[in-house]
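Student: Use these hints to put chains B and C onto chain A, whose structure you have.
The residues making up each chain are set out below.
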Amino acid sequence: MRAAWAIARNDLAQLLAQPVAAIVTVAVPINFLILFVLFAVGGGVVPVTVRAAGHGPATAAFVHALRNSYTFDVQPVATAAQAARAIASQNSVASIALPRNVGAAHSTIAVTIDNLNADFADDIRRALPLAVTQFYRGVLPLQWREVDSYPATATFLGFIAVSIQTVALLIGGLLQGGLGVAREWEGGTIKELLLAPVPGWSVVAGKLLAAFLGALAGALLVLVALLLLGVRPHAWAEYAGVMVLVLIVFACLGVGIGSALRSRQTVFPLAFGVGLPLFFISGPFGAITWGTPAAAWAARIFPVVYANAAFQHAAYGIWTLDTSVGASWAILAGWTLLGLLASVWLYRRATVAH
Amino acid sequence: MSEAPAIEVRGLVKRFGGFTAVDGLDFRVERGEIFGLLGPNGSGKTTTVNMISGLSAPTAGSVAILGVDPLRQAQAARRLLGVVPQETALYEELTAERNLRFHAELFGIPARERPGRIAAMLELAQLTDRARSRVGTFSGGMKRRLAIARALLHQPALVYLDEPTLGVDVQARRVIWDYILQMKSEGRTVLLTTNYLEEGERLCDRMAIIDHGRLVALDTPGALKSRFGSSVLELELEAAPAPALVAALQALPAVREVAADGERLRVSLAAGAEVPRILAEVARLGGSPRRLNLREPSLDEVFLSLTGRGLRD
Amino acid sequence: MWALIKKDLAIWVRSPAVMAVTLLPPLALLLVLALQAVAVTSYPVAIVNEDPRGAAAATLVRTAEAYNGFRTQLLSPADAQAAYANLQVAAILTIPPGFSADLAAGRRPSLTWAVRNFNADSTDDLRRALPDVVTSFLATGAAGADPIGIAIREQDVHPHDAGLVAFEMVGMLAMLMLQAGLINAGLAAVKEWETGSVKELLISPVPALRLIAGKVVAGVVAADLAGVVVTGLTVAFGLLPTPTLTQGLIALAAMTLLASFGAGIGVALAAALRSGDRMNPVAINASFYLFFLSGGVVALAYLPAWLRAVARVIPNTYAVSALRQTLLYGSTAGTGTDMLWLAVAAAVGLVVGVPALRRGLAH
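Residue numbers (the working numbering), protein chains in the order written: chain A, 1 to 354; chain B, 355 to 667; chain C, 668 to 1030.
Simulated from the structure, these hints should not be mistaken for lab results. Just so you know, not all the hints are guaranteed correct.
Capping the alpha-carbon separation at 20 Å, the derived lysine to any residue pairs in SDA-like fashion look like this [as the list claims (entries may be wrong)]: (1) B:538 to B:585; (2) A:191 to B:403; (3) A:191 to B:459; (4) A:191 to B:463; (5) A:191 to B:446; (6) C:858 to A:234; (7) A:191 to A:74; (8) C:858 to C:1029; (9) C:858 to A:4.
Just chain A, same shape as in the assembly (with noise of 0.2 Å):
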């Protein structure tokens, strides 16, 4: 143990003399972040025109329903040719004009969607009826009672900040773990360490330390960015466990994908490779269950959909996966132990030849 406490702090040594470096992959989870920001900001909310010929309650009304709709920034315009500038100029994707008697029977509303792809004009195509059953909801024939889950709705940022915690400890881990042993193949310095009279799983256990440590770094910047876009976990201790848990998980891995491949170069890409997929396949914007089940059936190999549960958990109470509790824990832990068995077993294999 005492060397590798050396190896660690020798590792840690070299990540500070190289600054640029050093912040460049601590950083690489924070940039995850902020192009998830700026995604969530991006497919929230649909900025539209609206252009009103009368001035009536009905409008009032109207435009309020538009407002309601769960969808729409509504800008209110003047004339039409304002409309079209908006479209023009990529400030609005829609352009709604009211008639002057809007509600009365056989009114029409003029719609032009710039329809960029079918997925972002169905998002309207879908919210006028809903701004129209609004306005009329007191005159239909049958009304509909919405019964939530929890009281409380997470924001679709804080949702997926969630997901974003786990990545970032995937990539941290197999970054810090890959990039550290594989920098000792060639460097060739990896002699030092095998000539050395120290036990294959201590160089190993070093090893994990200081990739546990640099992608710790990593991991809790983006923490403090969650933190600073309002996601109050409830159970910090849970979140604490996760965070350890995943950690050691792609530490380990990272440690095993460095001896295997031995070079710097090829751990960065297969880092993201892995770890976009990942991301998008374990459910960051839902349960895995109401995608694709192919996808829900890859997700379910991998310890990333169950520590997005668990971080889920700890942070707003909520369970998103069909596997218990208890069954995710064991799996984590599972993967824990496979993680260890892995790295030791891939860096024996790595440098002792037979």
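Tutor: Only chains B and C this time, still in chain A's reference frame:
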């Protein structure tokens, strides 16, 4: 253990799939000697050393360093061994002092002894004033000196140097040679691999020549040379010698070997060869020497005659 | 000059690692979006019909089943609760007993819409969906005369809706071009320092400017090759319509100009960083940021005002705009302005990059 030789290699075999890299090696390195391993690239030299240092497991046979099995008693064996790898294996981003400190920590040198030993080793490597510089800024010679200092830091009984002067300039080479001789004077055993015959002659008490994974010869540099002949007579003639002349010379007593190359003749001689008689025979068969030279044989020639190929083939 | 371009191109073709670094990130993103696009468009919803004999209830069930935002299952109350509990469905629509009769009698029956409100985005999708179903249901006349008097007349800017994957693909194509230009030219320049061959170049009688031009042109040509291959594959897979010659040429010109901008920045970075280890992460990060900041994932209009202002000074934005117009919407309208801005950006990139590398080489 106290009676065990520094290195004992018995029936050592290493196969990689169908390829046999080391094919039944036997040799002993005595304590306190400088022992050279000589062989062309791909001769099995590196594989042998990897097995001696416990980095690779033998397919058959055994290795012991000072009586210790480098695989089964790996930790004990590694404490006995100091290694200077060819690629130096230093952490380029760290300082010279930090590199030595890490090695001291890995080898479990007690904390209170560390500063003293590190300072002494920096002094030895003449790097005291560069202790806090990054190794990445060092010249090749400085890196090699630091790697030697690092290998000696834990006071090993056996030091292995892999091509210690490869790619180092002439002055730095002399400094490194002095270090190696100093190690011997301190009672350490030194194992080195080299492709420089001059280096082998200057440093080694005994040398083993390896080719195709087999031991071709093992002796002192002087004895190895005398196998080729005690001296070499080089002649440059006015014209290329006739085949009859070469055959006649070959038939003379105490002539080991005759090689013709254009107008040049190279005659390797055993002890007691009569040079005047050779020259007379040359004249009798129509050869007129323009220049002649009598010298000691070189290890290059020894190597060529033993393996049929040059070191750098 | 041509010799230099050929040399750098030959090196590129023989460096699978460099090719992988340029091609893999956009391809991975594409795969992911393709996977995701299948999932985000609809939700699994259970329907519980407690008015099994009612005609209006049957119509409502059919309407909900036909709704394109749902993947519905008609379940018993217990099964629906179980499916809801273990997250097999995201919501339950319950039609109460006597729904049809109450509707006919004007008693305004109430549907129950149980929603798993994990987050605002998915919850809003579900909240929007039910009124949409109700509107369609009322329009069938099953609930008597439709009280909704408002008709919606839709007019679309583009003749067809493009697919989400194709839409993202074009954004990524722009990212690929920028990244390929950056990395190809940048790494080619960096390599000279790493292998020490910079000395050989410096003592050669070829002027430095021509050396740099060789690297830039080779980088841009390599990027164009990658871009044409990716575009060709996308068209072959039917994700994008086959462009006309004019559209194809404009798209190629946009790609070339963006890659030139990238190559300029790439050689400038090379002069500053002088090592592939430092160059790679910086280049990849830079092209990722520029991709997202230019509305690559969404459209400009969806971004907040400050971000839109940022996007307008990023050349990617204009390349994405020109590429979407030509490759996605089959039109050339407005591409003139885009090309003008791209040309300015390419010029700026080269004016920054070439002298930087030239100074770098001289030291």
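Student: Take a quick look at whether residue 191 of chain A and residue 74 of chain A sit within 20 Å of each other, Cα to Cα.
Tutor: Judged against 20 Å, a Cα distance of about 66 Å means the pair is violated.
Student: Holds or violated: residue 538 of chain B with residue 585 of chain B, Cα cutoff 20 Å?
Tutor: Distance of about 30 Å is beyond 20 Å: violated.
Student: Between residue 858 of chain C and residue 234 of chain A, does the CA-CA distance stay at or below 20 Å?
Tutor: Roughly 51 Å separates the two Cα atoms, so the pair is violated.
Student: Does residue 403 of chain B sit within 20 Å of residue 191 of chain A, going by the straight-line distance between their CA atoms?
Tutor: The hint holds at about 13 Å.
Student: Is the hinted pair residue 858 of chain C and residue 1029 of chain C satisfied, with a Cα-Cα distance of at most 20 Å?
Tutor: Given that 20 Å is the threshold and the Cα spacing comes to 16 Å, the pair holds.
Student: Do the alpha carbons of residue 858 of chain C and residue 4 of chain A lie within 20 Å of each other, as the hint requires?
Tutor: violated (36 Å)
Student: Take the C-alpha atoms of residue 191 of chain A and residue 463 of chain B, compute the straight-line distance between them, and say whether it is at most 20 Å.
Tutor: holds (19 Å)
Student: Quickly compare the C-alpha distance for residue 191 of chain A and residue 446 of chain B to 20 Å and report which way the hint goes.
Tutor: holds (14 Å)
Student: With a cut-off of 20 Å on the C-alpha distance, tell me whether residue 191 of chain A and residue 459 of chain B pass.
Tutor: holds (15 Å)
Violated hints for the displayed structure, listed by number in ascending order: 1, 6, 7 and 9.
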